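Residue numbers (UniProt numbering), protein chains in the order written: chain E, 1 to 317; chain A, 1 to 317.
For the record, the hints were derived by calculation from the structure and aren't laboratory data. Don't take each hint at face value.
To be verified - Rough simulated footprint, nothing fancy, chain E against chain A, three-plus residues with beta-carbon under 8 Å: (1) 170-177; (2) 185-198.
Stated by the list, open to error - Which residues of chain E face chain A? A partial, calculated answer using Cβ under 10 Å: (3) 1; (4) 142; (5) 155; (6) 170; (7) 235; (8) 239; (9) 273; (10) 278.
Here the structure is a predicted model, which means the values were calculated and not measured. Built from N, CA and C at the ideal position, the CB exists for glycine as well.
Number of protein chains: 2
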Amino acid sequence: MRVGLDVGGTKTDAVAVDADGEIAGRLRIPTGWGPDAVAQTVLDAVRALGSEAGVDLSTVQSVGVGIPGQIEPGTGRVVHAVNLGVDELDLAAAVAPRLGVPVQVENDVKAAALGAHALHTRGGAPAPGSMAYLNLGTGIAAGIVSDGVLWRGARGTAGEVGHISVDPNGPLCRCGQRGCIEAFAGGGAIAERWAKRSALPVRDVFDAADAGDPSARQLRGGLARGVAAAIRVLVLTVDVDIVVLGGGVTALGDRLMTDVAAELAASAEASPFMRSLHLADRVELLPPGSPAAALGAALVGAEGDATHDAEEALVHG
Amino acid sequence: MRVGLDVGGTKTDAVAVDADGEIAGRLRIPTGWGPDAVAQTVLDAVRALGSEAGVDLSTVQSVGVGIPGQIEPGTGRVVHAVNLGVDELDLAAAVAPRLGVPVQVENDVKAAALGAHALHTRGGAPAPGSMAYLNLGTGIAAGIVSDGVLWRGARGTAGEVGHISVDPNGPLCRCGQRGCIEAFAGGGAIAERWAKRSALPVRDVFDAADAGDPSARQLRGGLARGVAAAIRVLVLTVDVDIVVLGGGVTALGDRLMTDVAAELAASAEASPFMRSLHLADRVELLPPGSPAAALGAALVGAEGDATHDAEEALVHG
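Just chain E, same shape as in the assembly (with noise of 0.2 Å):
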């Protein structure tokens, strides 16, 4: 049994995957803020896949932890994971010991690429040959897997295309830059921008322009923009054949969709080469509530083949 976890900003999904790649167990719990709080989540959430969804803790053979920060390449730390309240956590290191089975960490975006994979995968699709899971949540990135294999990069900012440019007179984007697609995508930079306390304001600019709102128009509309672009982006840069979209702001659903399917279908109409492309048929949607980036954890968890000391260990002790 692999144990795959997705630590997000205010709950952790865990899962349990068996050796056919199948979801024995899931349950969500909240998550701590701060290093130690969210180590602890770690072990608590590992500790509730067995007192409350059934999972042998005995067979456990590797957790893997999707998070949103950068991981320094080749090991368990984590850098900038903001949302978190974590400037910098050896996460592997931290938990590993009371776990007493090999630890991988690995970014949650990327994390989801390979779960979203999986998952595409599992469907009965034939496997594509390559694909970008693009996130749509506070920020924007992707994740790009190859032969089912995660793309890394050389320096852990491989699918960071939230932050290329696409309009040098855009929005000013918190990194700095102006016209970044995630100054015009980004749930956070829509929700910055729509300046009206919301629960779900992306859901709001949505509703406001359908109102005939022009400020809400203009927003719903960049966020089609910048998705299409960072669609454009991938096919036009890794050629993957397919390009699944996730995250919180996909829970639009259709309304989203149909969005962005008009800007790919305005492009291909002024391009021959654009609409050679076919971008349209190559955009999927993740199912709502799929386990994406917690199922890829488990997967980037069964990568690891190191072994670790085991100290009161609570999955084999």
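Given chain E's structure and the hints, the job is docking chain A onto it.
Chain A only, in chain E's frame:
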């Protein structure tokens, strides 16, 4: 011995590469126009390596051809090689029976990427884990090499970064979109907008910009912005270790590089994230006259292991 040919719009560059990867012979001949003449050029170039460059043709094991067009994946078929007057040509089928050795065909920029990778490594530098070769010629396109292997993508459009739009109000691109990187930085687009007859229009533009001509300054600024945008796209999407610039426009050398470095410095100044990428340190210029494309074509040829029946074989005959 492996033969590699770079079939360009006016000249064809031919090399013979020995078992150590060293260039044992090199020459250039004019390229013919149209399918039959292009196939004949390939045969003539191989023959000339024997008669004029002292290559023992009986030792040739393969021929690889780089050509400026789309190659149907997994075949030797060229389509849309507009600069050669070729709409469609099964080049491998046309020349392999005459050559009597396996023939592989690849897009010229992708071949040059493999060659640039080999030249970089041969220069004594550690082999980069991943590299992009960004070709600045009439058009703009890149080839990506990871762990020494060319990234071909799903449908042959990997590296087509020239048609990513970076300004919705930018100049119209020949592809039909607005503000493509190629519309700013392609030698063809710049020559068209400069609209003064010249053998080296981009050099003219630099000279006129130095002399204070406002439209030349605008074109020159656009070139640097387009090249910098392509570098950002390659690093933020694929996270290559290094980006090697080559192609006709790079004959401008330091004059071009100074402008590009200033553009990269401006985004690093604006954005701590961009600063953390150290883009300027990751850009290299291919030395002028480097036989990257022909050398890469020889490497592509060596990838093939198909056997071909010989009839009147030129090489082994």
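Status of each hint after checking the structure:
Coverage of the region 170-177 of chain A by chain E holds in this model, with 4 residues showing a Cβ closer than 8 Å to a Cβ of that chain against a need of three. Counting residues of the region 185-198 of chain A whose beta carbon lies closer than 8 Å to any beta carbon of chain E gives 0, which falls short of the minimum of three for the stated coverage. Here the hint on residue 1 of chain E is broken, as its CB sits about 32 Å from the closest CB of chain A, past 10 Å. Given hint, residue 142 of chain E at the interface with chain A, holds; its Cβ is 8 Å from that chain's nearest Cβ, closer than 10 Å.
Residue-level restraint check for residue 155 of chain E holds (minimum Cβ-Cβ distance to chain A is 6 Å; threshold 10 Å). Nearest Cβ of chain A to the Cβ of residue 170 of chain E: about 9 Å, under the 10 Å cut. The hint holds. At about 7 Å, the closest approach between the beta carbon of residue 235 of chain E and any beta carbon in chain A falls short of 10 Å, and the interface hint on this residue holds. Taking 10 Å as the C-beta cut-off, the interface hint given for residue 239 of chain E holds, the closest approach to chain A being about 3 Å.
Hint status for residue 273 of chain E: holds, given a least beta-carbon distance of 4 Å to chain A, under 10 Å. Checking residue 278 of chain E against chain A by beta carbon gives a least distance of about 9 Å; that is within 10 Å, so the hint holds.
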